[in-house]
Each structure stands twice: as C-alpha cells, then as structure tokens.
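**Q** Chain by chain, the residues:
Number of protein chains: 4
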Amino acid sequence: MVGPLAVDGDHAAGDYYLPIATTEGALVASVNRGCSAVSAAGGATARITKRGMTRAPVFRVAGAAEGAAVIEWVEDNEDRLAAAAEATTSHGRLQSVTPYLVGDNVFLRFSYHTGDANGMNMVTIATREAAALVEDETPAELVALSGNLCSDKKPAAINAVEGRGHTVTADVTIPRETVERRLDATPEAVETVNTRKNLVGSAKAGNFGFNAQAANVVAGVFLATGQDEAHVVEGSNCITTVEVREDALYASVTLASLQVGTVGGGTDLDTQTEALELLGLAGGGDPPGTNADAFAEIIAAGALAGELSLLSALASRDLSSAHEELGR
Amino acid sequence: MVGPLAVDGDHAAGDYYLPIATTEGALVASVNRGCSAVSAAGGATARITKRGMTRAPVFRVAGAAEGAAVIEWVEDNEDRLAAAAEATTSHGRLQSVTPYLVGDNVFLRFSYHTGDANGMNMVTIATREAAALVEDETPAELVALSGNLCSDKKPAAINAVEGRGHTVTADVTIPRETVERRLDATPEAVETVNTRKNLVGSAKAGNFGFNAQAANVVAGVFLATGQDEAHVVEGSNCITTVEVREDALYASVTLASLQVGTVGGGTDLDTQTEALELLGLAGGGDPPGTNADAFAEIIAAGALAGELSLLSALASRDLSSAHEELGR
Amino acid sequence: MVGPLAVDGDHAAGDYYLPIATTEGALVASVNRGCSAVSAAGGATARITKRGMTRAPVFRVAGAAEGAAVIEWVEDNEDRLAAAAEATTSHGRLQSVTPYLVGDNVFLRFSYHTGDANGMNMVTIATREAAALVEDETPAELVALSGNLCSDKKPAAINAVEGRGHTVTADVTIPRETVERRLDATPEAVETVNTRKNLVGSAKAGNFGFNAQAANVVAGVFLATGQDEAHVVEGSNCITTVEVREDALYASVTLASLQVGTVGGGTDLDTQTEALELLGLAGGGDPPGTNADAFAEIIAAGALAGELSLLSALASRDLSSAHEELGR
Amino acid sequence: MVGPLAVDGDHAAGDYYLPIATTEGALVASVNRGCSAVSAAGGATARITKRGMTRAPVFRVAGAAEGAAVIEWVEDNEDRLAAAAEATTSHGRLQSVTPYLVGDNVFLRFSYHTGDANGMNMVTIATREAAALVEDETPAELVALSGNLCSDKKPAAINAVEGRGHTVTADVTIPRETVERRLDATPEAVETVNTRKNLVGSAKAGNFGFNAQAANVVAGVFLATGQDEAHVVEGSNCITTVEVREDALYASVTLASLQVGTVGGGTDLDTQTEALELLGLAGGGDPPGTNADAFAEIIAAGALAGELSLLSALASRDLSSAHEELGR
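Here the protein sequences come in this chain order: C, V, X and G.
Our numbering puts the first sequence at residues 30 to 357.
Our numbering puts the second sequence at residues 30 to 357.
Our numbering puts the third sequence at residues 30 to 357.
Our numbering puts the fourth sequence at residues 30 to 357.
Certain hints may be false.
[What the hints assert, rightly or not] 25 Å max Cα-Cα, derived DMTMM-like pairs, lysine to aspartate or glutamate:
hint	chain 1	residue 1	chain 2	residue 2
1	C	Lys79	X	Glu164
2	X	Lys79	C	Glu170
3	C	Lys79	C	Asp39
4	C	Lys79	X	Glu101
5	X	Lys79	X	Glu107
Honestly, the hints are just simulated from the structure, not real lab data.
Go ahead and model the full structure; you've got the sequences and the hints to work with.
**A** See below:
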C-alpha cells in the first residue's frame, strides 16, 4: 500500500491508500515518495474525459459495394442494435457503433458504458446479439466476434487515440520548494528529463507510451484489486507532461485506455474485495459507474505519483542506486 | 496449470504443465484445449532467434556535430564500454550498443545477455557504469539512465521490430482431423479468422499486436512464476500466423519481446519457485541462460495453444458461450 | 497516362485514362498491366465510406479540471462553432469536432466537408474563427492553429484509423483465367505474396501501410493533376487484401486518407486542369463534392491496378527484371 | 528557389539556394523566412549518422526450426551474400543483413551504401542475386523480393527507428534578437508550440512524424531535383526539437529516412540536372556518395528552416493570415 494520496476528482475526493501488489520493494518506496509530494501540494486533480468498453466484431461481405451498404444500414439502425445488445445486460448501455470497411471486411466497433464493471464479458455477450441482428438484416456474415479493432490486450493505436475503458487525466502543480525537498530535484531538471526521455525518446522509439513507469503502478494496483492483469497492456498507453511554471512544477498523466471495475471478475475474491473496501469502492456505485470512475481517477493519481518520483530520481541520477538500496 | 504441452525447443524438450495464475476460469479451459491439440499433433517446435535485455540512457550534447562525434567515440570504444559495464555483474555480458542521434540528444541502446535473469536491474547498474565512461571521455552529459529507447514497459515499435528480452517463435502443424476433433473447427475457418482478425483487423487498428490473446497467457504465466507483471506490455508484441497446408493446419506465434527469468526478482518467492520447479527450470541453468531460454520456449508454446483455441472458438462462434458456461 | 481503367463507383462510372506523371517508365507499364486485368474482369467497384478534411488546433488550459470543462463547452456548442467556422467559406461544412485532453492541452479535431476542394486552406481559415470563439467563451488559450492531431503530412495512426480526406475502397474479382493470362500468375501465388509481404511483413515492420506500392500511383496522379505532393504521405495509408475465391481472385485496396480536389490549389494550372478534364472532372461537381468523390474512386481503382500488377510480378519473380527491361 | 541558406556539414559547406518546386506560394515565402533566420545565425550544422538503402525479401520456410537454421546460415555467410550482391553493381556495397523470423517467414533486410544514387533499383537487382544464393544454399524459398521490411514508400516504424537512405540531423542556435526580428516570435513561444504540437500532439496522434511541415520541404525539393516523389512518405519521418537556451533558441530536425540521389532516375532530366548543378551537386561525387551526402545535409537544413518559420508563424498566430496574403 502506498499513500496517503490526496485526490480531487469528479468522483474520488480525499486521502487514499492505494493498494499495490508487487515483489519490487523499490516500486512502493518510489510511488510513496511521489504521493508525498503530490499530497503536500494539495493533491492531484483528476478528470475522466471519455469512457467506454469496446468490442469490434468483423464481418465478411461480398465486397466494397455490399460493405458500404451494410455500413449504411448500421448507421440507420443504431437504436435497434442498442436494443438487441442491451437486452442481454442490466448494466450495459450501448454508446456508439463505429464502422470501418477494409476490402471485404466490415468491422463494427461497439462502445458501451458498463457501470462499475470492467465489462469485457458483458460487452462480448451484448455484441453477440447485436451481431446476430446485423446478420439477420444484412448480407454480412460474422467471421469473429472480436476483429481486433476492439482492441483487447494488444498495443493498439486505436486505443491510444480513441480510448478504451476510461480515458483519464490527473495533474498537480507542486511548489518549487516542495519539489526540491520531497523529490530532491529541481523543476527544471524534471522537465528536462520528461522532454528528452518521455517525449523525444518515446518519439524515436515509435512508442504509444510517452511515460516513465505508468505500467508499474497500473500492474501493481490491478493485481491487488482483482483487475485483469493482461489489461496492463492498454494501461501503458499514457502520456506524461511536465512544465516549469512560476515557482512551481506542473505535471500530468493522461491514461487513454485504463480498464477497471469494482464489481465482477477478480474483484469478488476476498483479498481483492478488501483492497477495494480500503478505498471505499468495493461493489457497485450509486449511480452505477461512479465507483469505477472514482477508482480510475485514483489510479491515475497514483500513476502521476509514480511518474514524478521516477523522473525526479532520474533527474538526480539515483535510479540504480535506489534499486540497490531498496532491494527488489 | 494447463497441459500437458509437448514442446520441442533448443532448450525445452518434453511434456510440460504450464503454471497459469488467473481468476478467469475460461482462460485455463481455453489454453488446455489448445495444449491438447498441439500435443496430439506431436508438440510445438520453438526457437529463439534473438535475446538481449536493453537499457538506453539519453545524453545531452551541444548539438548535431558534437552528437555525431560522441557516436563515433562510442562505436570506436565498445570494448571499453563492455569492460565498464561487465565489471558490475558476474552474469551480464554486453552484446551491442546502438546509437541514435535526435537533435542534441544521444541515445545509446545497450543490449545484454543476462543469463537466467530477467536482468532489468542488472543492466541498469551495468549501464550506469558505461554511461559514466561516456561522460568521462566525451562531452556528452547524462540526462537520464533510461531514455525510453529501452523501451521498458511501454508499447514501443522498437521492441516489436528489434526485440527485447527473448524473441521466440513457436509453431505446430496439426492434421486436419485433429483440428476438427480437438478444436471443433476446420483449418480453413481458423485461417480465415486469423487473416481477417489478427492480420487485417490489427492492421486497421494501428496495432503492434497481431494476435488474439497472447497477453492472457503471458500474464497468467508471469503471475504464477514471479515475473514482472508490467512486462506483459512487451509480451503482447506477438504476431500469429495460420496457413492451411495439405490436410493440415500450420500455426505459429512469434513473440518479439518476451522478458523472463528463472532467478532473481519474484522468482525467489516460495510459490513462484515451486511453479518453476514443476517445469524443472527453477534457478540458474547450465550453461547460464539455458533455463531462461527453455522457459521462453515453453511460454511461446503456451501462447500458441491459446491462439489456436481462441481462434477456433471464434471460428465456431462460441466465444461468449464459453464465457457464460465456464464462468469468470 | 494509363488505362483504360473501368470503374464502377457511386460517382465515377466508365472507362478512364488515369494521368500519371513519373520518370519511372516501369511504373506506367506496371499499372497499365493491372488496368488491363481489372478492366477485363468487368472493372473495379469503388465506394467512399468517410470523408472529411481535418484541422486540429491545440489550446493551453490551466489543467485537467479546466480542460474537462472546456471540452464540455465544446460538446454543448458545436452549432455555434459550426456557424463561426462556416461564416468564412461558401463550400466548407463542419461535420464534427472531436476533443482530446492531454494534461493541460486541449486538442479539437475539426472535420469538414470541403466540396470539390482538397480544402486545407479552407479548413485552416474556418478553424481559426472557431478557435477564436473557443477563446472568447472559455478560458482556453490557443497555442497553435495546428496541433498535429490533424495530422497534416505526417505518418499518423489517427489518419490511418479514422481517416482524413477520403476513405475509399476499391475492389475487383478477377476470373482465374484472366489472372493467369493478364498477370502471368496464379491466384494462389498472388494471395501468398499479399499475405506474407503486405500483411505479415508490414506487421513486423510496425507499418501503417499494408500495401505494395500505393504511394507510387498516388504520387504519380497527384503530380499530373495538381494535388499537393506532400499529401502522398497520408496517401500511403493503404491496406491491400487478396483472397482466392472459387475460380477467381478477389483483391481490394482501402485508402484511409486520400486527400484530393478538383478545384483550387495546383488544379488550376493549365496542364493539370487538362489532366482533370480528360477524366471529365475538372472544376466543381454538381452537387459540390461529387467530382472530388469520383476522382478519389478512380485513384483507388488505379492503386488497385498497381497492387495487382506488382504483387503478380513478385509472385512470378520478375520485379527486378521489369526494372531492367523497362528502364527507369 | 529559396535561400541563401548557410550550411556547415561534413560534405556541404557554404551558402546554397535550395530548388523547390511547388504551387503553393506561401511555402516558398515561409521557407525563405526560415533561411534568413538560420543564415543570420551563422548557418545550420548538419551531420549524417547513418546511411543505407534497404531491400528485404521474404522467404518461406517449413517452420521455426528451419527458419532459425536459415538465419544461422545467413549470419555465417554475409561475405558470400555480399559477393553475390555486389557482383551486379559497380557502386553498391552491402553493409549489413538483418534477419527476422515470423512463423514460417524469414525476412532478410539488406542494407547497401549506394554511392551517389538513391539506389532503389540497384539494391533490388543486387538483392535478387543474394536471394538466389540463399535459395541455392538453404531450404528457404523466395516468396517476394520485397517483403515490406524494406520498407519502401510506406509509413513504417522500422524506417523511423532504424533509418533508410540517409539519417541526417541539422540544427542551429539563433540569438534571441534574431528570432524576434526575423521570425517575429519569442524563443519561449516557439518552444511552447514545438512541445505542445510537435511532441505532445504527435504523441497523441500515434504519429511517426514529430514535426510541423518537413514533408513540404522534402516534396518541393524532390520535385525540383528529380527524386522519387513517393519517397516523400519516408521523408516525413522527422523529429523536430526546440529548446530555449541562454538568450538564444536551439532548434533541430532529424530526418530518419531521407532517400536522395544525385545520379540516376529523374536526376538525369535536363531541368532537374540544372537544379542540382545550382547546388554544385549534379552527378557523382568524389569519393562516391559525397554528393548525395551533401544533398541530404542541405535538405535537412532546408527542413529546419521550414520548421522554424512555421512554428514561429503559429506562435504568432499568423498561419492562415499568411495563406490568405501570399496566395496558394
């Protein structure tokens, strides 16, 4: 557990202890240091700008002409598709269907609000019904219920750009003095590391992840709280920005595709439920979705803490020293 | 645990039970089905074509002219860099240093053979010494010991193209009859799903992962054996190919960047050590590296089993049915 | 000029001679061969599934909270933004505004229907007015009228996934006999080359272009007709698919982001106007946009011809022979 | 033509007038403004850090085991491959062969020094002979002489990361006063635009091009000097960096994959030869390759001028104004 971490979100509000399961001692110490700086600065602000769990079946059509006609039918019948999909679930709500034609393949990317659940199974079942309707009403023939434009557990630009699960930003402005005292680095040095490593370095690497260690925090929290570990893949689609402001350091993380739930799946196991209870977020929220939203905000704030700490450590050159001292 | 899974690698050879930790019951059933088909066909063949754990510091230089000179120095002094790096470790061996100049940034991607260890900490410490030598002998100034061309725990093309950790391929040719009996699908249908979903769908998604669920297998095995869960990110850089051959189905997976170890880190915990012992791979191999190599081969074979099973399930349209029946 | 090329689109219909300006003789011969096969098979079918020229300014906000509020304002005021933008143009029509928050940056991706014009300048001017309204009504401060989520003349996933300019598919089904006679290859061999080169090879290369030579055709036609040559970058975002069907070969190209116009820019020059006149597409269409649409369909059909010819040449191993014989 | 542009490269040295063919008047004015600022600051420095034209055939093998053996043979026989390849050319020299195994596909990326030629045809012919040797000596069967790991005229990460043609960096440090007078902007504003647009915006777009308009300059020069216009695709793989330094602005461009030649192809046409003669670079250099190298350095400096001018224009908000005033 790391913290306390002060978070001011639309749904999360207060000081949290973030459950992290890891065998790397240095990670806990690192995130803790970041939490201390964030909290001393008054806490992280977090906002969700998009959410939607996706599933994208692929259909075979005769060719471009038939494919274009199928797409037109889909666009004209989103309400029927929604009715078919939502008949299978009490919590899922179809938000949009985005069609893509590639030769004789039609991909339909269905995006759902899934309440407090991660929702992968929910949207798979719902989409099966919607896909059946497409097959009934058009010449399209289902090839696979998942056509990889979802894109589940793969490093995909479509998720980095358009989001999957929660798209969430957390940021903080830390007074210079606090940066220097708590993070042992100057704002200028942290900005320099972020620009040259996270922005320019990632650019040269052909990277969708413009961050230092977002995946470490995501993986640790996912494990502690019963999330699907393979969703760490999408969780690494994070852009970190840092800017020196007047006598302060502004830092942010934006996670494009953070997939979390507080009900269902591994969250129902005892230890994992307890971890969510410590956050006050076990089970369904009122209204539905608010627990998952709050959880996403807190994880983003935790990722921000992790970024600040590692960037500062690099700026003061003690990355490998930390590993040596704190063990792993 | 899933299996038995027959593997014929350069290092692995025999029938294995693959430890998988997951809360998703359907995953175990799914991979088991694939193992059954692979083993019935005589087992998977596996080969490692590249290995090397990387760390890429970023240095600041005055500009292009100085940067080019620094790179020239590095290319002329790989032996001195190797000596400096290897002085810190009994197991690590520097294999190559690849320089990249971007404006006034010099990135040096160091690649190491790390024996049976995952080696992230080992290469960080070794690279710190090599970087110090660069600073001593050239005008370059270290900005960060990791400059994101490593690229650690991020979805990066550089890893998908050039590899990180083990680059490993596993494949199998399954008689038509076995495909139909064990996987309940025709070779033609499996090929169709792979082409339209894993190849064309991933292409349209801007994806580095041309597979169905490699990350599920990687995440489950990593958790059971004490690997770093955040390395699931790179583990999803997998291309799956399928081709109908004469009365048979050929299928392969190629994982570009699978990061595993059988010593150090979380592998030293009791339960995780036991899991590796079941594979006969706990601790260091003789010669060093062979246990890690065998482990990589087995995981690749497991990923192959997972691909075959899920592709077949999609081909016979029972993805969501499986989830419903087997629970999660 | 290459052709005749039979095209059956929503807007193009008939036999066309496609103007291509190139210094590479082999290219003209190659595309001609493809045109012959396509036309002998009854022509290519072409469909546009999306169109919209984009411009995406970036604004600075105080942080995540303010950014989320600005996005909310934008979503609530698309009609006012449209009115502001459209006041500057008689042909442009705002179709959508898609917001993205990254830390303290708000990106707004404006997408316009631009009639028969490519429309880059039109949308820049229109977006300037819309951006001014955002500045007037919200705390957001414009940093740059283009924030690279447009993304203009750069190899960007956002264009490959979501499109820019015209998203257009062209396909054809060619009888086996015609493939063998006109393309000197078997359908099976062409499919094999496409799968292993265009799909698997591009996958391994971390490529947004899953094709053989789409950029050659796009560049040649752009030069002959006065399009912006730098838009060849986006023109290369093309996925080619090939499948053996009953006694025939199905082939398709899907260009995600083809930016063309029949009015304005270089199309007004004499030679370029003549080239468009040969296609019957010089100047504005009735209704506006139909000439540009027809032009996009024809280029896609031309790219299809180029793909078929080169894939066949590779399948029969005469790529470099062709270069030697036909000169360059 | 734009200029004069002062360049200090390893091969280029002096004041150049850069030939640019474009129908966009604003582009010439824009680049000219940038040249003026660069030259007033003493000129751009340029360095080539890598060069090599690539061709990557794809071979079919029986599977992973055979593929690994083929790769081993290739690694053991690079000298024989070089001899076979170089027998076809007086100017080409094989620099390296990089193997990649994906399932039952072996890709071999051959990289050549091609003297003063762009070299696409040269390397295609040379690689055909090398591929024939692979077929003679191993069980690998050639599928296609180009397997898209080249990757020719496609937006590919492999080129952005590892380069193709020339990898060249140009940079300049401009006194604050010169920035303000010549570019009408402050260094701080230019840095802000670059960070938020070229770095963060491109990151969010899933972009390989972290620049403002490199493709415009590349396309214009390519057209004027007889380069292959479709190579503008790779020419857009450019990262621009900007940093405020003590009373000055540092700016750089790094083009990863700029493909140019001063002999062969379209450079032999009269007008294009004249354009190269104005640069003093028509025909072969002494030693071979130096003219192409100098040309690459000058184009990079030109791209730098274009970046500085457009970033400054955006910083002072006159992008669309410029378009309106200068016509297009």
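**Q** List in ascending order the numbers of the hints, as given earlier, that are violated by the structure.
**A** The structure conflicts with no hint, since it agrees with every one listed earlier.
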